[in-house]
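Student: Using the hints, build the complex out of the two chains.
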Amino acid sequence: MKLEQGVVIKVEGEFAYLIPSPSQGCEHCVLKDLCIGNTGGKLRAHNLPGAREGDLVEFQINIARLNVNLILLSAAGLVLLLAGALFGYYVNPLGLNPSLSGGLFALGFSLLVLPLARSRRFSSEELYPEIKRVVRRKS
Amino acid sequence: MELLVIFISALLINNFVLHYFLGICPFIGVSNRLDSAFSMGLAVTFVMTIAATVSWLIYYLLLVPYHLEFLEIVSFILVIASLVQVVEMFIKKVSPPLYQALGIYLPLITTNCAILGVALLTVLKKYNFIETLVFALGAGLGFTLAIVIMAGIREELEFADVPETLKGAGITLITAGILALAFMGFSGLV
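Protein chains in written order, with numbering that gives the first Met the number 0: chain Z, 0 to 138; chain H, 0 to 189.
Bound-form chain H, shown alone (with noise of 0.2 Å):
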């Protein structure tokens, strides 16, 4: 139950886009297009779940027994930085059209704050191992729950009459804080 509450809160409650404002930057900049969009959050939920884990073993089996806890950020951002190295390099090797079409979300990737937010939050909630893996899952699809929805409504305001100067970035930050609104009623959920 307990794991489930986790899962829930990540997804909906305390989405990562929605609630704490972390990635914003793929979020605004890669909803253009609903399939764009949809792969990009495939692979932020890939790599935010293998680099939690990963991040959760080395805090807890390195750094603190060797009392280095304050090289957390430091670390978290290298096994990200390198997770991503990985992915592309595996992606490139076994699926060469893939790696063609959808490797360019990979580096951005690197430079997502919500990866290193989910590592992060994970030490400070003092989660163990199981519940890190559930959270960081649930972050990664609430991440993608985000940004699909936002693409979706992106694309329909295209065939929208938006008044010239809201055009681009204006109509889509008001159009993110109202989504981030009605996430909001989630909020009594559990």
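Same shape as in the complex, but just chain Z (with noise of 0.2 Å):
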């Protein structure tokens, strides 16, 4: 996985806040006036190696695992908007126009993501980036 560079702005704990260093890929991105390096936003990630304010380091983000979470959330979110839409649609039980009834029935089983979306798994520590070395301390 690449490792982006940022400086630490702040220490908290086991956790350093940091502004990541636009790289090389970040040129061409349509997105590169919202991004966190370039808006003055931070980043909070795991402080393994000890970093102090103001030092260069080198994370890494685990977009993998986050991209797991994403899927669940939404395929979760998915399924239960298709399967209310269909019970709404074709059950229709409060007899109401099979449309109006699908729609609301689908926005409601969509609620249901809620219950999911508190487990521990999407709010996990463990899924903040990684601080991996110290690239320069800070003189």
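Hints may contain errors.
As the list claims (entries may be wrong) - Simulated coverage check for chain H against chain Z, where a stretch passes if three residues somewhere in it have a Cβ under 8 Å from a Cβ of chain Z:
no., stretch
1, 35 to 43
2, 56 to 66
Said to hold, decoys possible - Derived CB-CB ranges, DEER-like:
no., chain 1, residue 1, chain 2, residue 2, range
3, H, 156, Z, 47, 27 to 35 Å
4, H, 66, Z, 18, 47 to 55 Å
5, H, 89, Z, 40, 13 to 21 Å
6, Z, 74, H, 124, 21 to 29 Å
7, H, 123, Z, 13, 50 to 58 Å
8, Z, 74, H, 173, 32 to 40 Å
9, H, 69, Z, 2, 51 to 59 Å
10, Z, 51, H, 188, 56 to 64 Å
11, Z, 67, H, 106, 19 to 27 Å
12, Z, 137, H, 91, 28 to 36 Å
Unchecked claim - Some chain H residues near chain Z, calculated using beta-carbon distances under 10 Å:
no., residue
13, 48
14, 131
15, 139
Please keep in mind that the hints were generated in silico from the structure rather than gathered at the bench. Since the model is a prediction, treat every value here as computed from it, not as a measurement. Think of the CB as a built atom: it goes at the ideal place given N, C-alpha and C, for glycine as much as any other residue.
Tutor: Written out as structure tokens, the structure reads:
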């Protein structure tokens, strides 16, 4: 997995806040102006090597794990939406217009994703990026 | 069978990116890396399906009965923008790490014309509710397929000996053109 660079701006216990440096790949990206590194936004990361404020560090985002979570969340939402729509449209327990019933049940069923989303899996601190090494200490 | 035809058609034959040329901005801009492209595709699929569903309900249950069809585009844009905000708040609340890494894609979805295109086309094609849902899902997955294929090719292109003048946007657009030609091969499928 690709390593990115950034400068630590604050250390808080086991975590450090850093501002990522735009990489070469950012040059042609349409999101360049919105991106964290270009808007002064900060990233929260595990501070494994004990970096201090002002240090230039290399960090890694575990995008594969994040993608698995994104798939779970969006797939669950979509499956529930489809199930609700089919149930409302074809079974129509309220006796409404089938499309209206499908829509109401689709939106209602999709709210069932909320209990799933409360799972610790999605808010786990292990998902935050990890600082792998200090490239240059602040002089 | 009809639903399957709509799904396959939106996914492959009338692919929103490679047939209608909608959503080109994120298609070109966020296809540098396979993982980011996949995340973007999933986020678009999710928002596209919900946006098309809600837009359909608003059109047929609110705009048509009150003869307000001329507000179609305005209301659909409002629906998409609001939904993206809701999804953004939801992800920020339930998964701060996910929001930190992928939240950046969400503002770009608001301006993705493919999403508005799906909502408008469902009205134009006079789809019923279920057909709208299947069409939007197929269109979203088609977008994901196109952007992931493009990202895979672009990652390989980094090792290719591309002439200096074609590097960057040039070779990307040529690749997109060839990909669109390849997808034309699906036109006889259904």
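Student: Compare the structure with each hint and give your call.
Tutor: Cross-check of the supplied hints:
1. 35 to 43: holds (count 5)
2. 56 to 66: Held - the stretch 56 to 66 of chain H has 3 residues with a Cβ nearer than 8 Å to chain Z, which meets the minimum of three.
3. H:156 <-> Z:47: 27 to 35 Å: At roughly 34 Å between Cβ atoms, residue 47 of chain Z and residue 156 of chain H fall inside 27 to 35 Å, so the hint holds.
4. H:66 <-> Z:18: 47 to 55 Å: Holds, at about 53 Å.
5. H:89 <-> Z:40: 13 to 21 Å: This hint holds: roughly 20 Å between Cβ atoms.
6. Z:74 <-> H:124: 21 to 29 Å: holds (26 Å)
7. H:123 <-> Z:13: 50 to 58 Å: holds (54 Å)
8. Z:74 <-> H:173: 32 to 40 Å: With Cβ atoms ~34 Å apart, the hint holds.
9. H:69 <-> Z:2: 51 to 59 Å: holds (53 Å)
10. Z:51 <-> H:188: 56 to 64 Å: Holds - the Cβ-Cβ distance for residue 51 of chain Z and residue 188 of chain H, about 60 Å, lies within 56 to 64 Å.
11. Z:67 <-> H:106: 19 to 27 Å: holds (23 Å)
12. Z:137 <-> H:91: 28 to 36 Å: holds (31 Å)
13. 48: holds (6 Å)
14. 131: Interface hint status for residue 131 of chain H: holds (9 Å vs cutoff 10 Å).
15. 139: With Cβ-Cβ at 9 Å, under 10 Å, it holds.
Figure legend: structure checked against the earlier numbered hints; every hint is met.
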